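Protein chains in written order, with my numbering: chain A, 1 to 397; chain B, 398 to 794.
Treat the hints as calculated values from the structure; they're not laboratory data. Small disclaimer: the values here were computed from a predicted structure and weren't measured. Some clues are possibly wrong.
Derived contacts from chain B toward chain A, CB cut-off under 7 Å, selection only [said to hold, decoys possible]:
| hint | residue |
| --- | --- |
| 1 | Ile401 |
| 2 | Leu467 |
| 3 | Pro471 |
Where chain A lies over chain B, by a calculated footprint (3+ residues, C-beta under 8 Å) [unchecked claim]:
| hint | segment |
| --- | --- |
| 4 | 635-645 |
| 5 | 655-668 |
Computed far set for chain B versus chain A, every beta-carbon distance over 10 Å [to be verified]:
| hint | residue |
| --- | --- |
| 6 | Asp403 |
| 7 | Asp444 |
| 8 | Ser552 |
| 9 | Lys557 |
| 10 | Ser585 |
| 11 | Gly674 |
| 12 | Asp677 |
| 13 | Arg679 |
| 14 | Gly717 |
| 15 | Thr718 |
| 16 | Leu721 |
| 17 | Lys722 |
The beta-carbon is built from N, C-alpha and C at its ideal position, and this holds for glycine as well.
2 protein chains.
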Amino acid sequence: MESIRDKVAIVGMGCTKFGERWDMGVGDLLVEAAYEAFKDAGIEPKDVQAAWLGTVFSGISGITLAPLGLQYIPITRVENMCATGSEALRAASYAVAAGVVDVALAIGVEKLKDTGVTGVKGPGLVGDNPDGTAGIAPGYSAPASFAYLASRYFSEYKMKPEDGRKLLAEIAVKNHYNGSLNPKAHFSNLITVEQAMKAPIVAYPLALFDCCGVSDGAAAAIVTRADMAKNFRPDPIYIKALSLAVGARQGAMVQDYDFVHLEENVRASRNAYADAGIKDPRKEISMAEVHDCFTVHEMIVYEDLGFAKRGRAKEDIEAGTFTLKGDLPVNTDGGLKCFGHPLGASGLRMMYEVYHQLRGKAGPRQVKNPRLGLTHNLGGNAGTGIATVFIVGNEKS
Amino acid sequence: MESIRDKVAIVGMGCTKFGERWDMGVGDLLVEAAYEAFKDAGIEPKDVQAAWLGTVFSGISGITLAPLGLQYIPITRVENMCATGSEALRAASYAVAAGVVDVALAIGVEKLKDTGVTGVKGPGLVGDNPDGTAGIAPGYSAPASFAYLASRYFSEYKMKPEDGRKLLAEIAVKNHYNGSLNPKAHFSNLITVEQAMKAPIVAYPLALFDCCGVSDGAAAAIVTRADMAKNFRPDPIYIKALSLAVGARQGAMVQDYDFVHLEENVRASRNAYADAGIKDPRKEISMAEVHDCFTVHEMIVYEDLGFAKRGRAKEDIEAGTFTLKGDLPVNTDGGLKCFGHPLGASGLRMMYEVYHQLRGKAGPRQVKNPRLGLTHNLGGNAGTGIATVFIVGNEKS
Numbered sequence: 001m002e003s004i005r006d007k008v009a010i011v012g013m014g015c016t017k018f019g020e021r022w023d024m025g026v027g028d029l030l031v032e033a034a035y036e037a038f039k040d041a042g043i044e045p046k047d048v049q050a051a052w053l054g055t056v057f058s059g060i061s062g063i064t065l066a067p068l069g070l071q072y073i074p075i076t077r078v079e080n081m082c083a084t085g086s087e088a089l090r091a092a093s094y095a096v097a098a099g100v101v102d103v104a105l106a107i108g109v110e111k112l113k114d115t116g117v118t119g120v121k122g123p124g125l126v127g128d129n130p131d132g133t134a135g136i137a138p139g140y141s142a143p144a145s146f147a148y149l150a151s152r153y154f155s156e157y158k159m160k161p162e163d164g165r166k167l168l169a170e171i172a173v174k175n176h177y178n179g180s181l182n183p184k185a186h187f188s189n190l191i192t193v194e195q196a197m198k199a200p201i202v203a204y205p206l207a208l209f210d211c212c213g214v215s216d217g218a219a220a221a222i223v224t225r226a227d228m229a230k231n232f233r234p235d236p237i238y239i240k241a242l243s244l245a246v247g248a249r250q251g252a253m254v255q256d257y258d259f260v261h262l263e264e265n266v267r268a269s270r271n272a273y274a275d276a277g278i279k280d281p282r283k284e285i286s287m288a289e290v291h292d293c294f295t296v297h298e299m300i301v302y303e304d305l306g307f308a309k310r311g312r313a314k315e316d317i318e319a320g321t322f323t324l325k326g327d328l329p330v331n332t333d334g335g336l337k338c339f340g341h342p343l344g345a346s347g348l349r350m351m352y353e354v355y356h357q358l359r360g361k362a363g364p365r366q367v368k369n370p371r372l373g374l375t376h377n378l379g380g381n382a383g384t385g386i387a388t389v390f391i392v393g394n395e396k397s
Numbered sequence: 398m399e400s401i402r403d404k405v406a407i408v409g410m411g412c413t414k415f416g417e418r419w420d421m422g423v424g425d426l427l428v429e430a431a432y433e434a435f436k437d438a439g440i441e442p443k444d445v446q447a448a449w450l451g452t453v454f455s456g457i458s459g460i461t462l463a464p465l466g467l468q469y470i471p472i473t474r475v476e477n478m479c480a481t482g483s484e485a486l487r488a489a490s491y492a493v494a495a496g497v498v499d500v501a502l503a504i505g506v507e508k509l510k511d512t513g514v515t516g517v518k519g520p521g522l523v524g525d526n527p528d529g530t531a532g533i534a535p536g537y538s539a540p541a542s543f544a545y546l547a548s549r550y551f552s553e554y555k556m557k558p559e560d561g562r563k564l565l566a567e568i569a570v571k572n573h574y575n576g577s578l579n580p581k582a583h584f585s586n587l588i589t590v591e592q593a594m595k596a597p598i599v600a601y602p603l604a605l606f607d608c609c610g611v612s613d614g615a616a617a618a619i620v621t622r623a624d625m626a627k628n629f630r631p632d633p634i635y636i637k638a639l640s641l642a643v644g645a646r647q648g649a650m651v652q653d654y655d656f657v658h659l660e661e662n663v664r665a666s667r668n669a670y671a672d673a674g675i676k677d678p679r680k681e682i683s684m685a686e687v688h689d690c691f692t693v694h695e696m697i698v699y700e701d702l703g704f705a706k707r708g709r710a711k712e713d714i715e716a717g718t719f720t721l722k723g724d725l726p727v728n729t730d731g732g733l734k735c736f737g738h739p740l741g742a743s744g745l746r747m748m749y750e751v752y753h754q755l756r757g758k759a760g761p762r763q764v765k766n767p768r769l770g771l772t773h774n775l776g777g778n779a780g781t782g783i784a785t786v787f788i789v790g791n792e793k794s
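Using the sequences plus the hints, can you model the full thing?
Written out as structure tokens, the structure reads:
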């Protein structure tokens, strides 16, 4: 096996405003994201040689991409729950690295606001149901599943629940601040720690502002061979590593699971660091977009990815390490918390922010002299996760 | 762009019996198919470095593969309606050709008998519905959609409907004969032309025996780099070409569509022939597994793939060209008609037969000295199809 390092580049990206897009159908969102990416890369739809579409609930098969009119090329749907957007980019990257496609479109979409797909409705999720389908367990909800992490983390590291909740509130406040600087974010309101602490409880100890947005949206990337990238633009970004680890336990809640880390996050990030030649991620990664479906997971990701020491994320949160002006800014665009979380689009939305940051084009959210950016996109649950990590840079090694 | 020719090999395959598998869940079928493939390739589950799972209705995300216990490796779900099984093999092939994976599992599964997913039930299919989801049009049924092809073909080529129906019956009789030699097929009963002609009409002019089985089943392939293949077995098969063409019209029934050919079939096969260096498929292809969801589509595929002249499939059907002892045997394992059609598994099931034929291991169905085999797997509909073509050979060029 070899690494994908410096074989593949991203030369254009697009992203719709996320949020309540009552006026837009799935096709409208796809067109909006794709045409921004085409224009950004300086290409026409006819230049796309193959496409990968990521969506969980908003389409079946590549024909969902019909509104783009990409006639008679290969178009494939990929899906891996909330990591679906990253999977579209991963599939396109492999085809380009294999040399069988020179210009690929990776695109993801989800309409969630008007379909009610937030809990048990819609097609099933995990497991092997009595009726022969693989379906979600009745009564499952994402907040309740991730709430376990918070309670256990507080207990393991001897925090009073209210102190722990305050720490999570700090993460929400940071992401709301970043989101307030982002016109494409679902939520652009500033909040205070006090507001977050007093917000209605969703699944204790997680309250309203610990939970990410349920949103409509689409995002897209134009992927090419690294050696062709400068034909498209002077400032492409290069894929240094991409990694996926699926924690394929049968059912999320196994007896030996510690509920204070996700082994999938650890494996995916360590594999990516090895491929990218990164020894100290805390020092070498310039900025990161991570999967803050719930604030507690952003906190655990700090530790799982080596941004903070195990059990000591608190010190870094309190020191402001992950704020826009900190040593390692995280979720500079507002994250899932404020940008929103249209499942099939989120992984590509993360890359959209990194792409702009690495090229110095992130406006009021710009971090200083970034060199390497990271996206971390989780699917599934604590205990049965699908963790995808991309590392990208603005120079070829 | 370069061809994938001779970069990737298949070194092991597995396939469950297809049919009414009331006793087996999705996980059981996956385990049965995968372990046959592992054993056939002489590998252990731990040797699998990445996996792609194809399923339309029987799972969401790679976690559906949990019963195999492939912990912390990349596992991705791919989907392209009835071409989903071929997509799993295509994704694995690209990753191997990119050099990022040396040993990959491509696996597909579907449980259809106990979920009622044959018409409108289950998640939606094509289109951009008013509720923002991409869903099947109300009242859609596959037999009715493909029936248009038959009526129009008979008219275009000036056949009396009963003569046309007799021609289709000949295809069903051939596939039932082949299926009768195949212990893994859903249906193993012999039928006569008279029986097929007198069977209940499903969607005129298509009757019961013109329609493929609705089945449960799973199939799997172990994919490696071609230069490593003989480390696994002395007789691997090599991928000469793989091609996908999506006819991304918005909605199936457009005004300029002729209903006697599928442009997607033509494009996918011509691209594959070019990559494999095939000039005359009728002479160079030794045997083929094609997408006979309905007998009329097998007839049209003969023409679309260049096995028969346009409008003249009749001559070849009557000459027995596509029977086991004919010049170009098609659907030697019984096809979708008799082997059955568990959507996510079918593309891999086709390859399972070709793999055995090319290695001289197809038992009573063995064709003489095959050198090149073809699989053709369609998703979607006439007019909005997803056509996948693989060409494989038993020697490196």
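| message | So, against the hints stated earlier in the document, which numbers end up violated here? | response | none
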